[in-house]
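There are 2 protein chains.
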Amino acid sequence: MNLPSKLLEDAVDQMASLPGIGRKTALRLVLRLLKRDVDHVRNWAESFTKLREGIKECSRCYSLSDSDICSVCSDQSRDSSTICIVEDIRDILALEATGQYRGLYHVLGGIISPMEGIGPQDLNVEELLQRLRNPQNPVAEVILALSTTMEGDTTAFYLFRKLQHFDVNVSAIARGVAIGDELQYADEVTLGRSIAQRQPYESTLPRS
Amino acid sequence: MNLPSKLLEDAVDQMASLPGIGRKTALRLVLRLLKRDVDHVRNWAESFTKLREGIKECSRCYSLSDSDICSVCSDQSRDSSTICIVEDIRDILALEATGQYRGLYHVLGGIISPMEGIGPQDLNVEELLQRLRNPQNPVAEVILALSTTMEGDTTAFYLFRKLQHFDVNVSAIARGVAIGDELQYADEVTLGRSIAQRQPYESTLPRS
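These protein sequences, in sequence, are chains A and B. When we follow this note's numbering, the leftmost residue of the first sequence carries the number 1, and every step to the right adds one. When we follow this note's numbering, the leftmost residue of the second sequence carries the number 1, and every step to the right adds one.
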């Protein structure tokens, strides 16, 4: 695709540098931007620069925030003795949307992935251990809420080993057949785990 | 999705304002941008502002260009007596990629669409007629290369009526079963047109 303009070529290259955006899609998006007026495009572009320059990591849980302490960590009504470990901020959004969790979070900032050269030292693991060592904020339970991929399982096991040196309960989110799914279509690993880890019936009823 | 940061919220909103990008995808893209360093993101964002501020329309064919006359219109080796009418610059890129066309183009900048409130006065139609009136550049043939949607057909017919006042041949690109497609899977409208508008066999052989 030989574009007739260097400016257009640059913009399409930059758009296509985002994951999952090919050059044809990039061109379509850039041509749409071109239909907007100059001020609109300037505002559009500046929102990303402002974000990158202004965004902060919460100094406790490493979630993204406009201030030093994020809104979850600074909420006094939340249970500060429970920490849920997640890979990134999108997992926090998903868990918050359930309305079922009132503890705090800890964002690892990725998972251990030898293929991509990401080791424990690249993640906020030491920062987690420091939180657990802080006598001002005793932690009773750490919940592992990582993906059930090979990398997620590796990371969970690595953290589990580290957490054994601390006086905390370590739990993991429940795995099983999703609510609304039919048994016959569930994959065998999931179904196998859901029968092995069956629960007392009363505990599976919705909370009143 | 309640984002924990106003800056993040703004950037996700702007990204999601692009067509075909939902808020979940927008968040994924924005979080990826955040992993790049500040200068990288600034360059990324500026490429779009620079494009919007610097891009020109070719004053002859209304394609996009860095200069007043685009590279196609300024190419003396091309046949200036043939003008191919297209909806937007992506159609030019597609036709140029075939290597089969050596004439010039005219970009309408859209198609007639009553649903979207786009009429002939919003397109570069008058500019086309002025090109045809220019005695310095006699035009022998105008090729209609618009989509075969209802809007495309309407636009083509509108232009055909206008072009009848000029001493030019008006043609349309061939429609038929795509090369490599099996007959049994072709839709009936396409197959019907391809049998009705059959060609002498010799003319269908690849040019040597």
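Misleading hints may appear alongside valid ones.
16 Å max Cα-Cα, derived EDC-like pairs, lysine to aspartate or glutamate [stated by the list, open to error]: (1) B:35 <-> A:39; (2) A:56 <-> B:116; (3) B:162 <-> B:126; (4) B:6 <-> A:53; (5) A:50 <-> B:39; (6) B:6 <-> A:57; (7) A:35 <-> B:87; (8) A:162 <-> A:116; (9) B:50 <-> A:39; (10) B:35 <-> A:88; (11) A:50 <-> B:46; (12) A:50 <-> B:37; (13) B:56 <-> A:10; (14) B:56 <-> B:37; (15) A:50 <-> B:10; (16) A:50 <-> B:13; (17) A:6 <-> B:66; (18) B:50 <-> A:37; (19) A:24 <-> B:88; (20) B:6 <-> A:68; (21) B:56 <-> A:37; (22) A:24 <-> B:91; (23) A:35 <-> B:88; (24) A:6 <-> B:53; (25) B:24 <-> B:10; (26) A:56 <-> A:88; (27) A:35 <-> B:116; (28) B:50 <-> A:10; (29) A:35 <-> B:126; (30) B:50 <-> B:37; (31) B:35 <-> A:53; (32) B:6 <-> A:46; (33) A:50 <-> A:66; (34) A:50 <-> A:37; (35) A:35 <-> B:53; (36) B:6 <-> A:66; (37) B:24 <-> A:53; (38) B:24 <-> A:91; (39) A:56 <-> A:39.
Quick caveat, the hints were computed from the structure, so don't treat them as lab data. Keep in mind it's a predicted model, so treat the numbers as computed, not measured.
Hints and how they fare:
Between residue 35 (chain B) and residue 39 (chain A), the direct Cα distance comes to roughly 27 Å. Violation of the 16 Å bound is thereby established for this hinted pair. A hinted pair counts as satisfied when its Cα atoms are at most 16 Å apart, and residue 56 (chain A) with residue 116 (chain B) does not qualify at roughly 42 Å. Under the criterion of a C-alpha separation no larger than 16 Å, the hint pairing residue 162 (chain B) with residue 126 (chain B) is consistent with the structure, at around 10 Å. For the hint linking residue 6 (chain B) to residue 53 (chain A), the alpha-carbon distance of about 13 Å falls within 16 Å, and the restraint holds.
Restraint check for residue 50 (chain A) and residue 39 (chain B): the C-alpha separation of about 12 Å stays at or below 16 Å, so the hint holds. This hinted pair checks out: residue 6 (chain B) and residue 57 (chain A) have alpha carbons roughly 14 Å apart, not beyond 16 Å. At most 16 Å may separate the alpha-carbon atoms for a hinted pair to count; residue 35 (chain A) and residue 87 (chain B) meet this at roughly 14 Å. As the CA atoms of residue 162 (chain A) and residue 116 (chain A) are separated by approximately 22 Å, the hinted pair breaks the 16 Å bound.
Note on residue 50 (chain B) and residue 39 (chain A): the hinted pairing holds, with a Cα-Cα distance of about 12 Å set against a maximum of 16 Å. Proximity of residue 35 (chain B) to residue 88 (chain A) is assessed by CA-CA distance (about 12 Å); at most 16 Å being required, the pair is judged to hold. Distance restraint check for residue 50 (chain A) and residue 46 (chain B): the Cα-Cα separation of roughly 12 Å lies within the 16 Å cut-off, and the hinted pair is therefore satisfied. For the hint pairing residue 50 (chain A) with residue 37 (chain B), the CA-to-CA distance comes to about 13 Å; that is within 16 Å, so the pair holds.
The hinted pair formed by residue 56 (chain B) and residue 10 (chain A) meets the criterion: a straight-line CA distance of about 15 Å does not exceed 16 Å. For the hint pairing residue 56 (chain B) with residue 37 (chain B), the CA-to-CA distance comes to about 31 Å; that exceeds 16 Å, so the pair is violated. As the CA atoms of residue 50 (chain A) and residue 10 (chain B) are separated by approximately 10 Å, the hinted pair is consistent with the 16 Å bound. Pair hint residue 50 (chain A) plus residue 13 (chain B) holds up; C-alpha atoms about 14 Å apart against a cutoff of 16 Å.
A distance of roughly 7 Å separates the Cα atoms of residue 6 (chain A) and residue 66 (chain B); the hinted pair therefore holds under the 16 Å criterion. Between residue 50 (chain B) and residue 37 (chain A) the CA atoms are separated by roughly 13 Å; this keeps the pair inside 16 Å, and the hint holds. Simply put, residue 24 (chain A) and residue 88 (chain B) have alpha-carbon atoms about 14 Å apart, close enough for the 16 Å limit, and the pair holds. Our distance criterion of 16 Å between C-alpha atoms is met by residue 6 (chain B) and residue 68 (chain A), whose separation comes to about 14 Å.
Between residue 56 (chain B) and residue 37 (chain A), the direct Cα distance comes to roughly 14 Å. Compliance with the 16 Å bound is thereby established for this hinted pair. Between residue 24 (chain A) and residue 91 (chain B) the CA atoms are separated by roughly 12 Å; this keeps the pair inside 16 Å, and the hint holds. As the CA atoms of residue 35 (chain A) and residue 88 (chain B) are separated by approximately 12 Å, the hinted pair is consistent with the 16 Å bound. Proximity of residue 6 (chain A) to residue 53 (chain B) is assessed by CA-CA distance (about 13 Å); at most 16 Å being required, the pair is judged to hold.
Note on residue 24 (chain B) and residue 10 (chain B): the hinted pairing holds, with a Cα-Cα distance of about 14 Å set against a maximum of 16 Å. Proximity of residue 56 (chain A) to residue 88 (chain A) is assessed by CA-CA distance (about 14 Å); at most 16 Å being required, the pair is judged to hold. For the hint linking residue 35 (chain A) to residue 116 (chain B), the alpha-carbon distance of about 15 Å falls within 16 Å, and the restraint holds. Between residue 50 (chain B) and residue 10 (chain A), the direct Cα distance comes to roughly 10 Å. Compliance with the 16 Å bound is thereby established for this hinted pair.
Between residue 35 (chain A) and residue 126 (chain B) the CA atoms are separated by roughly 20 Å; this puts the pair beyond 16 Å, and the hint is violated. As the CA atoms of residue 50 (chain B) and residue 37 (chain B) are separated by approximately 20 Å, the hinted pair breaks the 16 Å bound. For the hint linking residue 35 (chain B) to residue 53 (chain A), the alpha-carbon distance of about 12 Å falls within 16 Å, and the restraint holds. The hinted pair formed by residue 6 (chain B) and residue 46 (chain A) meets the criterion: a straight-line CA distance of about 14 Å does not exceed 16 Å.
Distance restraint check for residue 50 (chain A) and residue 66 (chain A): the Cα-Cα separation of roughly 11 Å lies within the 16 Å cut-off, and the hinted pair is therefore satisfied. A hinted pair counts as satisfied when its Cα atoms are at most 16 Å apart, and residue 50 (chain A) with residue 37 (chain A) does not qualify at roughly 20 Å. About 12 Å separates the Cα atoms of residue 35 (chain A) and residue 53 (chain B), which keeps this hinted pair within 16 Å; it holds. This hinted pair checks out: residue 6 (chain B) and residue 66 (chain A) have alpha carbons roughly 7 Å apart, not beyond 16 Å.
For the given pair, residue 24 (chain B) sits about 22 Å from residue 53 (chain A) by alpha-carbon distance, which is inconsistent with the 16 Å threshold. Using a Cα cut-off of 16 Å, the hinted pair residue 24 (chain B) and residue 91 (chain A) holds, with the two alpha carbons roughly 12 Å apart. The straight-line distance between the Cα atoms of residue 56 (chain A) and residue 39 (chain A) is roughly 27 Å, outside the 16 Å bound, and the hint therefore fails.
Taken one by one, the earlier hints fail for this structure at numbers 1, 2, 8, 14, 29, 30, 34, 37 and 39, listed in ascending order.
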